[in-house]
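Residue numbers (our numbering), protein chains in the order written: chain B, 30 to 310; chain S, 116 to 415.
Please keep in mind that the hints were generated in silico from the structure rather than gathered at the bench.
It is possible that part of the hints are untrue.
[To be verified] Label-pair distances were calculated between CB atoms; the ranges are: (1) S:ARG260 x B:THR70: 14 to 24 angstroms; (2) S:VAL400 x B:LEU42: 55 to 65 angstroms; (3) B:GLN74 x S:TYR310: 22 to 32 angstroms; (4) S:ARG176 x B:THR77: 26 to 36 angstroms; (5) B:TRP133 x S:TRP321: 48 to 58 angstroms; (6) S:VAL170 x B:TYR60: 36 to 46 angstroms; (7) B:LEU167 x S:TYR310: 55 to 65 angstroms; (8) B:LEU101 x S:VAL135: 27 to 37 angstroms.
Just so it is clear, CB atoms sit at the ideal spot from N, CA and C, and this is done for glycine as well.
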Amino acid sequence: MNPRALRRLRVRLPLNAAALTVFVLCVFPVYWMVSTAFKPTPDIQSETPVLLPTSLTLEHFAHAVEADGFWLFWRNSLIVTAGCVLLALVVALGAAFAVARMRWRGRRAFVLMVFIAQVAPWEALLIPMYVIARDAGLLDRLVTLTLIYFMITLPFTIVTLRSFLAAVPAELEEAAQVDGCTRVEAFRRVTLPLLAPGLLATSLFGFITAWNEYAFANMLIIKNQDDRTLPVWLSSFSNVFGTDWGATMAASTLFALPVLALFLVLQGRVAAGMTGGAVKG
Amino acid sequence: MSGPRRGATLRPYLLVAPTVLGGALLLGYPLVRNLLISFQHYGMAELIRGGASFVGLRNYRTVLTDPEFWEVVRRTFWWTLVNVVLIMVIGTLVALMMRRLGRGMRILVTSGLVLAWASPVIATTTVFQWLFASRLGIVNWVLVRLGFTSFEGYSWLADGTAAFTVLVLLVVWQSVPFAAITLHSALLTVPEELYESARLDGAGAWRIFQSITLPLVRPIFGLVLCLEVIWVFRCFAQIWAVTRGGPGEATTTLPVYAYRVAQSLHRYDLGSAVSTLTVLILVAVLIAYFRQMFRQEADR
Numbered sequence: 030m031n032p033r034a035l036r037r038l039r040v041r042l043p044l045n046a047a048a049l050t051v052f053v054l055c056v057f058p059v060y061w062m063v064s065t066a067f068k069p070t071p072d073i074q075s076e077t078p079v080l081l082p083t084s085l086t087l088e089h090f091a092h093a094v095e096a097d098g099f100w101l102f103w104r105n106s107l108i109v110t111a112g113c114v115l116l117a118l119v120v121a122l123g124a125a126f127a128v129a130r131m132r133w134r135g136r137r138a139f140v141l142m143v144f145i146a147q148v149a150p151w152e153a154l155l156i157p158m159y160v161i162a163r164d165a166g167l168l169d170r171l172v173t174l175t176l177i178y179f180m181i182t183l184p185f186t187i188v189t190l191r192s193f194l195a196a197v198p199a200e201l202e203e204a205a206q207v208d209g210c211t212r213v214e215a216f217r218r219v220t221l222p223l224l225a226p227g228l229l230a231t232s233l234f235g236f237i238t239a240w241n242e243y244a245f246a247n248m249l250i251i252k253n254q255d256d257r258t259l260p261v262w263l264s265s266f267s268n269v270f271g272t273d274w275g276a277t278m279a280a281s282t283l284f285a286l287p288v289l290a291l292f293l294v295l296q297g298r299v300a301a302g303m304t305g306g307a308v309k310g
Numbered sequence: 116m117s118g119p120r121r122g123a124t125l126r127p128y129l130l131v132a133p134t135v136l137g138g139a140l141l142l143g144y145p146l147v148r149n150l151l152i153s154f155q156h157y158g159m160a161e162l163i164r165g166g167a168s169f170v171g172l173r174n175y176r177t178v179l180t181d182p183e184f185w186e187v188v189r190r191t192f193w194w195t196l197v198n199v200v201l202i203m204v205i206g207t208l209v210a211l212m213m214r215r216l217g218r219g220m221r222i223l224v225t226s227g228l229v230l231a232w233a234s235p236v237i238a239t240t241t242v243f244q245w246l247f248a249s250r251l252g253i254v255n256w257v258l259v260r261l262g263f264t265s266f267e268g269y270s271w272l273a274d275g276t277a278a279f280t281v282l283v284l285l286v287v288w289q290s291v292p293f294a295a296i297t298l299h300s301a302l303l304t305v306p307e308e309l310y311e312s313a314r315l316d317g318a319g320a321w322r323i324f325q326s327i328t329l330p331l332v333r334p335i336f337g338l339v340l341c342l343e344v345i346w347v348f349r350c351f352a353q354i355w356a357v358t359r360g361g362p363g364e365a366t367t368t369l370p371v372y373a374y375r376v377a378q379s380l381h382r383y384d385l386g387s388a389v390s391t392l393t394v395l396i397l398v399a400v401l402i403a404y405f406r407q408m409f410r411q412e413a414d415r
């Protein structure tokens, strides 16, 4: 081997070793969660950890799903998440349209407020939210969580949709209006389809935020345990499963699955949509 | 004449009305209410019966003269410092490493980072409790294998420093992917020619990093640093889910402290005062940082 190739190898080898280490450190916890969930119990309880399961079982998933109220909490999480995402999309679409397409007094102040709201200190609002919800009789209600998650995701949704809207030429809408569409029709038929990547990106963000939210769900759902969401239920796994790590990891896997799946599916599509738009434009 | 035109001028206001209403009711009002409660006597009785009375600055005086509060502040700064330094150093190293990797390896590392980034916080929080479990936990097994026999059956969450360590590892693991991916995409904007000419001039790796990489990616670096400070400082879910601020008070940072005071002692007034002070401290830290950054920019 000539000296240059040897020197290259001396650089490449540690570099690739470091890269592999980073990859393993990133992936291992997720791998350990999924593999524990599928491992037969003797493998989990073996004194020497079993890195590759000897066989696969669905027994832990059955335990997790049969656990008290699993489907109820799953449904609650889904309702809250879907509600928050839809509400934020509709409200943000209106606001983004007003900001990107119309001239009006107070527009700059409005945009500034939206930017400030993006960094709102939500953790500091746990206590007043609890007091307000209690006064209004809104404790232990899913609608309270839905509204709070809506407000947490709204500023980001407006800012993102606005930049997507700004990228769609207003002339397209005007041309459609000349062809006899009303302004709303022109928006729905011409602009909305072009906004699809933006709508997907913001939905993904809203979904992840609402699906994962823990602090408010933990504070505002106390007495009526039937209205708990998955994160709060999962965090109390030791009450539910004791030290049954197989079932706990199965529950964690089921909780993580929708987010991971959505991330994989939507990330590709959002990127494709953005580049597709750039190439055509 | 004025009919349709008035309708047209009203339209933008109608479109932003839901946002303004939502912001006022769900963000503005709670903020004001938090401030109000922090100036009132607000305990269990006031929560149930209402009729809280104003007590001026008494809650703030109580909090600020409590040595426990200052202990929590010190711990919160320590917590933020350790986490943010680790996140930024590891994130930068990973980003620099990704730049020099071949295509295949880079895709591998990126997908690992994205997987860790996309995993829900509470799910990975639960997984870390399993990794660090005293019995059958794989971390203890590895440590014993490496010769640290004292970790046989070691219970991480029973000791203050150990619990703190587990939480730091958890938060760093969850936060590095965002930092690394963002910094890597910032590094990609630096033209390759700059590095080449620097290398031809005989500059070493550290010198290149200092005089080319850092100045060019400083804005993004500053942004990531800022976001990480905010996130780590406000971190609540992970700490509460793993340790509830314990054992004792070993992992009680400001947000956890505010929650504990309000929920377990039913002193909503003191909790609100702590929350307000938390926000003020964070704002002060960030303003100091921004001033520093502006001064540096002005010096150039």
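So, going through the hints one by one against the coordinates:
no. : hint                                    : verdict
1   : S:ARG260 x B:THR70: 14 to 24 angstroms  : holds, 23 angstroms
2   : S:VAL400 x B:LEU42: 55 to 65 angstroms  : violated, 42 angstroms
3   : B:GLN74 x S:TYR310: 22 to 32 angstroms  : violated, 53 angstroms
4   : S:ARG176 x B:THR77: 26 to 36 angstroms  : violated, 58 angstroms
5   : B:TRP133 x S:TRP321: 48 to 58 angstroms : holds, 53 angstroms
6   : S:VAL170 x B:TYR60: 36 to 46 angstroms  : violated, 54 angstroms
7   : B:LEU167 x S:TYR310: 55 to 65 angstroms : holds, 58 angstroms
8   : B:LEU101 x S:VAL135: 27 to 37 angstroms : holds, 35 angstroms
Consistency with the previously given hints fails for numbers 2, 3, 4, 6, ordered from lowest to highest.
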